[in-house]
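Order-wise, the sequence lines are chains A and B.
The opening position of the first sequence corresponds to residue 1 in our numbering, with each subsequent residue numbered one higher.
The opening position of the second sequence corresponds to residue 1 in our numbering, with each subsequent residue numbered one higher.
Treat the hints loosely; a few may be bogus.
[As the list claims (entries may be wrong)] Keeping only pairs whose Cα atoms sit at most 16 Å apart, straight-line, the calculated EDC-like set for lysine to aspartate or glutamate is:
# : chain 1 : residue 1 : chain 2 : residue 2
1 : A       : K309      : B       : E179
2 : B       : K255      : A       : E316
3 : A       : K248      : B       : E179
4 : B       : K31       : A       : E316
5 : B       : K259      : A       : D306
Quick caveat, the hints were computed from the structure, so don't treat them as lab data.
Number of protein chains: 2
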Amino acid sequence: MFRPEIKVVDCTIRDGGLMNDSHFPHDMVQKVYQAICEAKVDYVELGYRNSKKMFSTDEYGAWRFCDEEDLKRVVDDFDPGDTKLAVMMDAHKSFPQDVIPADESLVDMIRVATYVKDIDKAIRLAQVADEMGYEVGVNIMAISHEGGMFLDEALKQINSETNAKVVYVVDSFGSLYSEQVHYYVAKYQEHLTSGKEIGIHCHNNQQLGFANTIEGIIKGVNYVDGTLYGMGRAAGNCPLELLLGFLKNPKFNLKPLLKVIGESIMPLTKEWQWGYRIPYMVTGILNQHPASAMAWMDAETEPGEDYLKFYGKVTEDDRPK
Amino acid sequence: MFRPEIKVVDCTIRDGGLMNDSHFPHDMVQKVYQAICEAKVDYVELGYRNSKKMFSTDEYGAWRFCDEEDLKRVVDDFDPGDTKLAVMMDAHKSFPQDVIPADESLVDMIRVATYVKDIDKAIRLAQVADEMGYEVGVNIMAISHEGGMFLDEALKQINSETNAKVVYVVDSFGSLYSEQVHYYVAKYQEHLTSGKEIGIHCHNNQQLGFANTIEGIIKGVNYVDGTLYGMGRAAGNCPLELLLGFLKNPKFNLKPLLKVIGESIMPLTKEWQWGYRIPYMVTGILNQHPASAMAWMDAETEPGEDYLKFYGKVTEDDRPK
Numbered sequence: 001m002f003r004p005e006i007k008v009v010d011c012t013i014r015d016g017g018l019m020n021d022s023h024f025p026h027d028m029v030q031k032v033y034q035a036i037c038e039a040k041v042d043y044v045e046l047g048y049r050n051s052k053k054m055f056s057t058d059e060y061g062a063w064r065f066c067d068e069e070d071l072k073r074v075v076d077d078f079d080p081g082d083t084k085l086a087v088m089m090d091a092h093k094s095f096p097q098d099v100i101p102a103d104e105s106l107v108d109m110i111r112v113a114t115y116v117k118d119i120d121k122a123i124r125l126a127q128v129a130d131e132m133g134y135e136v137g138v139n140i141m142a143i144s145h146e147g148g149m150f151l152d153e154a155l156k157q158i159n160s161e162t163n164a165k166v167v168y169v170v171d172s173f174g175s176l177y178s179e180q181v182h183y184y185v186a187k188y189q190e191h192l193t194s195g196k197e198i199g200i201h202c203h204n205n206q207q208l209g210f211a212n213t214i215e216g217i218i219k220g221v222n223y224v225d226g227t228l229y230g231m232g233r234a235a236g237n238c239p240l241e242l243l244l245g246f247l248k249n250p251k252f253n254l255k256p257l258l259k260v261i262g263e264s265i266m267p268l269t270k271e272w273q274w275g276y277r278i279p280y281m282v283t284g285i286l287n288q289h290p291a292s293a294m295a296w297m298d299a300e301t302e303p304g305e306d307y308l309k310f311y312g313k314v315t316e317d318d319r320p321k
Numbered sequence: 001m002f003r004p005e006i007k008v009v010d011c012t013i014r015d016g017g018l019m020n021d022s023h024f025p026h027d028m029v030q031k032v033y034q035a036i037c038e039a040k041v042d043y044v045e046l047g048y049r050n051s052k053k054m055f056s057t058d059e060y061g062a063w064r065f066c067d068e069e070d071l072k073r074v075v076d077d078f079d080p081g082d083t084k085l086a087v088m089m090d091a092h093k094s095f096p097q098d099v100i101p102a103d104e105s106l107v108d109m110i111r112v113a114t115y116v117k118d119i120d121k122a123i124r125l126a127q128v129a130d131e132m133g134y135e136v137g138v139n140i141m142a143i144s145h146e147g148g149m150f151l152d153e154a155l156k157q158i159n160s161e162t163n164a165k166v167v168y169v170v171d172s173f174g175s176l177y178s179e180q181v182h183y184y185v186a187k188y189q190e191h192l193t194s195g196k197e198i199g200i201h202c203h204n205n206q207q208l209g210f211a212n213t214i215e216g217i218i219k220g221v222n223y224v225d226g227t228l229y230g231m232g233r234a235a236g237n238c239p240l241e242l243l244l245g246f247l248k249n250p251k252f253n254l255k256p257l258l259k260v261i262g263e264s265i266m267p268l269t270k271e272w273q274w275g276y277r278i279p280y281m282v283t284g285i286l287n288q289h290p291a292s293a294m295a296w297m298d299a300e301t302e303p304g305e306d307y308l309k310f311y312g313k314v315t316e317d318d319r320p321k
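Isolated chain A, as found in the complex (with noise of 0.2 Å):
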């Protein structure tokens, strides 16, 4: 009845870490790393390893950098058992040359993500991290408002350039119903020829993240994205414990999952509130980054002020009623 070809990828401190610039310290960390082993969780991914020249080390947190050293800390001697580890690549905000071999990493994937503008740049990265020996995914962002001949073009690259072994449709803003993932799907299939699986990375705007990860399976997506409790900024993301309740792969356990969710994520909920909100659904209807539902969340002093207000904000439509 299962899938085997199905690998679950648990973004829950790298995506997470966009909530709190990455800000989590290393026994939650080490925490979650264990939990995800434990449940037999396919990948593991612990942060960005992204450029100190675009990013501040004041301001962020060692997770937006994943360090040899850090990621050492965690994973210290435990046992991962065939859990892999990953970090996440922003093609413009992260350089080629930064990459080292995989042999002297603790890293087995490099996931490279990128606008379809920045393709080039993502590109070159896949290119290099698979030549210094990693698995390499490409992750497309905000692809929802993508579509046309330059998504074709960038899946039809990805595809002859590179030897990524999956590329993700990734809906930024929460923006898609089920029949758009089914397009887009279609759609990498087309013009993923070589080989690749494709992944599914899904946002919780309109409370569709878990259901259109759903949809991806059915339609032939092996790589799925959760996180843990759905921890991620503004709505958040699929839960990974909804996702391995779906899964029917025997190799799964919720166990540690529902361990570490109470003891190491329920608590940040007292300073991190994400999930489903109106300004997020607002944006996500409207096909919008939630950076401005985001905004008028952290200005807000009371839940369910002026709603309309908001709306009629990122509408452009400030008649009353």
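Chain A is already provided as a structure; the job is to place chain B on it using the hints.
Here is chain B on its own, set in the frame of chain A:
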């Protein structure tokens, strides 16, 4: 592009009343009523009309009974446009003799809620409501525990013995995945051959309330339920504002919903915490009533306390991880 046959039912006050024993102040109910009408939502369900022999009026608020004088205070002289007023009667908690003639009532539609086992009571109630001049719906609850010959039999009976205009798939436990929604809708379509519409009412234990409602629509469901900000017992319901964002019928107006959510719903979140939580997720994936999760949440003082223990309790698996 849009399907004019699709009717949206707001059940914020009715289903939200399972969270607080139907204790909503009259002025809050009035604001919700007016906003739903202004949004051009097709039906607004203001509560249950259950028997005072089954529920104590000391313990339960007005919206468990929906006395005509209480409805009158809400409706007042406000012009509802085309929005119709609905109440729900539980087949096992109300009596046919309590149904007054429709021309003496403010109510347009009576929705009969039933378990498959109470189907004969439901049919009698549906018949009386029809004879008295109401539009009639039948909502089959806990559908995820049904599927065999008794459901087939119940659908055949409703089809041949009632004039119900709509029969609902009710995912009381928030347990269904999209493929199961397709299964139930197809089964309903097979048996409901006398021109009856199919409805869907979803809960959000697995964050699939909205997604499953869309799946129903794609398969031909024409009656869809939502509540403002997903308000409802435990993980809550399909959010009405998401539904209106999705549906393309130009008559709908999202703005009154955003306004009333900010003014009348968000203040309730201080006292009542509905929405996705790990214990509700656990009962969802186990296809159980959320009662155990609600009791556990009520007893907990800190969020995130030992979910593993709860999981062990409900799976009767108390072994350590």
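Against the structure, the hints come out as follows:
1. A:K309 - B:E179: Violated: K309 (chain A) and E179 (chain B) sit about 39 Å apart, past 16 Å.
2. B:K255 - A:E316: Roughly 14 Å between the alpha carbons, so the hint for K255 (chain B) and E316 (chain A) holds.
3. A:K248 - B:E179: 15 Å, holds
4. B:K31 - A:E316: 26 Å, violated
5. B:K259 - A:D306: Distance of about 6 Å is within 16 Å: holds.
Of the hints listed earlier, those the structure fails to meet are numbers 1, 4, in rising order.
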